[in-house]
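A.B. asks: Sequence:
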Amino acid sequence: MFYRVVWIVCLFGLLTQTAYSQKDPKAKAILDAVSQKYQSLKGMKANFEFSDGRMQPRTGEVAIKGEKYRIKLPEQEIFNNGKTVWTFIESGTYKEVTINNASDMGDELTPSSVYNIYKKGYNYQLLGERTENKVVLQEIELLAENPTAPFKRVVLTVDKEKKDL
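Letter 75 of the sequence shown, counting from 1, is numbered 75 in our numbering, and no numbers are missing.
Incorrect hints may appear among the rest.
[Said to hold, decoys possible] Dumping the calculated BS3-like pairs for lysine-lysine here, alpha-carbon to alpha-carbon at most 30 Å:
1. K162 to K152
2. K45 to K119
3. K160 to K72
4. K95 to K45
5. K42 to K83
6. K120 to K23
7. K65 to K83
8. K26 to K65
9. K28 to K160
10. K28 to K152
[Claimed, not checked] The following label-pair restraints were derived from C-beta to C-beta distances:
11. V136 to I89: 33 to 41 Å
12. F88 to T131: 33 to 41 Å
13. A149 to I89: 20 to 28 Å
14. A33 to T131: 18 to 26 Å
15. N123 to W86: 27 to 35 Å
16. S51 to T131: 16 to 24 Å
17. K134 to A33: 19 to 27 Å
18. T98 to E67: 16 to 24 Å
19. D104 to P25: 29 to 37 Å
20. R54 to V97: 23 to 31 Å
Derived from the structure by calculation, the hints contain no laboratory data. All of these numbers come straight from a predicted model, not from anything done at the bench. For each residue, glycine too, the CB sits at the ideal point set by N, CA and C.
All chains, please: the whole structure from these sequences, using the hints.
C.D. replies: If you want it as structure tokens, here you go:
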């Protein structure tokens, strides 16, 4: 009897993991609609909230035009003109500037790639819907297929009607 229970628990865990690691067609339809909308825009500006899991959520600003973007975070600004990425860090009396080639940034999550990142290297699933201020929001979780990816988990919140992130 004990072995039967253990076997059922193991089988359930295996089936759950297999189902979870697949790409959810409902989530894909939402992500495709969001991607199509944002790719059709000439440019955009937005405020966002982020957290690294260790601190309280913080806010930032982003402006995107094609592959170019500017991100403003507390103590940090990032500029990308499509060829070069400048990162300015200022914390108290500490100041640093880092300059990189945009092509060296590889598969990193950028404002220009956030609405396409699901197409390569991530599994995704629709976590559910909730209503805030009479707006229906859909939450989609992206999980990196590669355990060494810089972003292992990304949660996107989408306005169901407007298809806005």
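A.B. asks: With reference to the structure, classify each hint as holding or not holding.
C.D. replies: Tested hints:
1. K162 to K152: OK: K162 and K152 at ~27 Å, within 30 Å.
2. K45 to K119: holds, 23 Å
3. K160 to K72: Roughly 27 Å between the alpha carbons, so the hint for K160 and K72 holds.
4. K95 to K45: holds, 26 Å
5. K42 to K83: holds, 19 Å
6. K120 to K23: It holds: about 11 Å lies between the C-alpha atoms, which stays within 30 Å.
7. K65 to K83: holds, 13 Å
8. K26 to K65: This hinted pair holds, its Cα atoms lying about 28 Å apart.
9. K28 to K160: holds, 13 Å
10. K28 to K152: holds, 18 Å
11. V136 to I89: 33 to 41 Å: Holds: the Cβ-Cβ distance is about 38 Å, inside 33 to 41 Å.
12. F88 to T131: 33 to 41 Å: Because 39 Å falls inside the window, the suggested range holds.
13. A149 to I89: 20 to 28 Å: Holds, at about 23 Å.
14. A33 to T131: 18 to 26 Å: Because 19 Å falls inside the window, the suggested range holds.
15. N123 to W86: 27 to 35 Å: holds, 33 Å
16. S51 to T131: 16 to 24 Å: At 22 Å between Cβs, range holds.
17. K134 to A33: 19 to 27 Å: This hint holds: roughly 21 Å between Cβ atoms.
18. T98 to E67: 16 to 24 Å: At 19 Å between Cβs, range holds.
19. D104 to P25: 29 to 37 Å: Since D104 and P25 have Cβ atoms about 35 Å apart, the given range 29 to 37 Å holds.
20. R54 to V97: 23 to 31 Å: holds, 26 Å
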